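Q: Sequence:
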Amino acid sequence: MEKNLQHASLLDIVFSWSLKDVHNENLLKHQVPKIPETFLSTKAYMNSFIPALIEETHSDLSSSFMSVSQAPFCEIRTIGRSNNFRPPKHLYYEITLKGITNDVKDVGKYEPEVGDLIAFTNIRPRSIDDLNKSNGYYHIAYVDGPKDLFTDKIPILSSKDMDNVESVLRSTKAQKIYSVYLINMTTYIRIWKALNSQSNMKIVKEVLKYDDSKSGENCQICLSRENHSRANAIAQNIFRTQNLNESQKDAVLSCVTIKRCHHNDTVKLIWGPPGTGKTKTVACMLFCLLKLKTRTLTCAPTNTAVLEVASRLQSLANGSHECDTYGLGDIVLFGNSTRMKIECYKGLGEVFLDNRVKDLLWCLSPCIGWIHYVELMIKLLEDPKKEYDLYKRGVNDEKDIMSLEEFAKKNGSGVEQAYGSFKQRGKRHVAITLEQFVEKKYADIVEQYQVYKKDKKLGSGMTMDQFVNHKFSFIGEKLKSLVKTMYTHLPTHFLPMKVVKDMLRALNLLKSLEVSMHQNKSKKIAPDCADGERVLGCFGWLGLKRDECLCILRSLSQSISLPNNIRNKYGMSKFCLMNACLVFCTASGSSKLYTEEMTPFKFLVIDESAQLKECESAIPLQLPGLHRGILIGDERQLPAMVKSKIADKAEFGRSLFERLTKLGSKRHMLNFQYRMHPSISKFPSKEFYGQKLSDASFVREINYNKRFLEGKMYTSYSFINISKGREQSNHENSLFNKIEVAAISEIIARLKKECVKTKKKVSIGIISPYKAQVREIQEKLKQYISVSDSHFSISVRSVDGFQGGEEDIIIFSTVRSNVSGNVGFLSNRQRANVALTRARYCLWILGNATTLMNSNSVWRNLVLDAKKRGCFHNVDEDRKLDRAIEDALFEIELLEGSESVFKKISLGSPKKRKEKKRK
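Counted the way the UniProt record's numbering counts, the sequence shown spans residues 1 to 919.
Calculated from the structure, these hints are not laboratory results. Honestly, I wouldn't trust all of these hints.
Unchecked claim - Within a straight-line C-alpha distance of at most 30 Å, the following computed BS3-like cross-link-like pairs (lysine-lysine) qualify:
1) K666 x K34
2) K771 x K753
3) K293 x K480
4) K109 x K160
5) K341 x K193
6) K392 x K358
7) K602 x K202
8) K43 x K649
9) K545 x K471
Unchecked claim - Restraint ranges, calculated between C-beta atoms of paired labels, are given here:
10) I123 x K867: 54 to 62 Å
11) T151 x I123: 22 to 30 Å
12) T304 x N705: 38 to 46 Å
None of the values given here were measured: they were computed from a predicted structure. Ideal Cβ positions, reconstructed from N, Cα and C, are used throughout, including at glycine.
Could you put together the complete structure from these sequences and hints?
A: So, in structure tokens, the structure goes:
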């Protein structure tokens, strides 16, 4: 494999696989060595991940074929060579899709996106066997770019020649070609490029020659310098307002005081066990770095993790200046807006790159932007009569309104150049005018143009008094909105606080002028004076305020100097990213920062770093100029998900955080937990953290001891033994236990009843390690889940899906129930840790104690601990719960046709049998 990898790309390798290869789970079994913990060179380090990356890609692709019947698809209308077609390797084509209409069935609604790997077939596959048929047509391609707005063509890179497909389409109307979605290759390709580029290896080299003798210790020479005292002062101010504990304070200080240190360890580790305020600590650290003007990139494995830390930082930064949102221009969050769902996070829209670019382009528009309205206000204040005369002569009527084409040209956004380039790219056959080009490609300019036209329509027949009042109020409101946009979105380097104060002073003066004008509206400056004279007299009476306002506005029109190349989206995006102090994105998304002239980052912060594959961390770690890395995580919770068993065995999912920890790197531990009731945290602290995890004072207070149901079984922490559980498997070999489902259903019904009765607000999380059990529970509880209720919420997820989450009550269903003690991946300590640390007030664990005791896993320790602490309960201690289980068992046996069930029927229902037994 190594010889082939030297020059091949990941796509070349994927394209080389036949359908049989893809379906072969063991194709690369003997070609994926275990990834070492230590390395002799950076090249060896990078190369060590490549075989496992290829295997993980293979496994993902193989998995997609197994569920191909549920895959999104569409029907292809045309296939043709693109201008980039260069055989035999560069087989670039362009495809168009058949439109979706009500009278055409089986067309599909899928539209291929950049990075998608798609399969071309001549049948709509219902299973992978359909693709193996002798008369079948099949091959794969990679979506190389977005759909063309003018031709609707989608560029693809094909794995083989497709010219014959076009001829098949021409020869018969009955023949169809489908495109079926397989996987998205974007992240895999980004990792591949990072592993093969080795652009900036400074931090990687330091990591590879790791010396634990100095790790985690601050250099005393550097700490004594001015930077330390300033960083310390800034940090202390934040500590006073954020109420951090000592471990959190030490973590923040140890990171922010190494800004100029060149003698210390390059990568710092902050260890954040569950509920220890990790996100708050990271946000405070980033806020310090923001104050110190240290350019920092913050990454995380997922959009959700990025959004959480960005949201917390934004709330700290917002309102920290004299002017509420001033300074947010130094913070940028970027990513896919659809996947991120920014609207769900209050305030993040103010730092999200797409929103910022749009708002700033409006501000800088020559026709409806800041300068335009400043100049209009200056003219109105200087000579209102002249402006009114122009209005009367019809200078601003509709016939003087620019066309969209003229408007676009004046905006200076490079539209003409883009149009010329469009025509040169072999699209001269597309008959389209510049105006049509703008309408199709520049939605933001079209939107600005609509506003421009609306602003121009003042109406006719106004008196001078009406005209001045209307114009003054209208421009004032525009300036107010634009000022807010500018001090929110512009980096502070380009907009000092002094300028912002001048802006606000000008707005206050304009407001004062407007109020004074209205107050003097009925006054006569001189007897029988005309309307225009009265207006002019009023302006003269307000002379001092007007003169001061004019002075400030004239100064402001010259005070903001921005580069000339930011009149389009690309230029503005680059400007915002280059000048931000803090940038947030996923680790994979950081590949977009590898652009020419990008301002170097000094610090890299990776949140949830223990959930990030080490090879994926190679993407941000190689950014030019990077000086320090700070990794925050907890390797004792779940690592990154790996689909391939072969790659998992090779430790492909291991993080850099975990590897450095295994090598003995010193970590700064956050040791106070703020989430769990002490009775819940007791076992995880002892079992997973060597009793180093302490409870914060407020979780030890008496009002944190909340009860939601009566009975010892439903205190803050309990193990509920269900010995009659039935372990079953579905068609996907995922396990479920309907007896535990029945018990959960009974508990939820009682919680709901109690919630209605007491009007207490409660959130419930139901967790199981098995997807089949999650689906069974969701189906059983759909009457509660489907109804939106702010006072009673239920979330049912797998353990992996609940990492990072928390609820008032957690009910954990272990599922396993067998005499052999076989618990499968339930025995995974990291998975157990996550499951047991999600609850605030109550954690109720349902399981078969005998099975768990025989497993010789962490669950044996848990059952023994529960018994020792008096938190172990047999299900028959609760009659109603026991009855619900008997009923469920009866139904299962009835469905199975068990002989014993007929004997039970003759004795009566489970309820009657229980009553007879008690008598």
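Q: For which of the previously enumerated hints does the structure constitute a violation, in increasing order of number?
A: The structure breaks hints 6 and 12; every other hint is satisfied.
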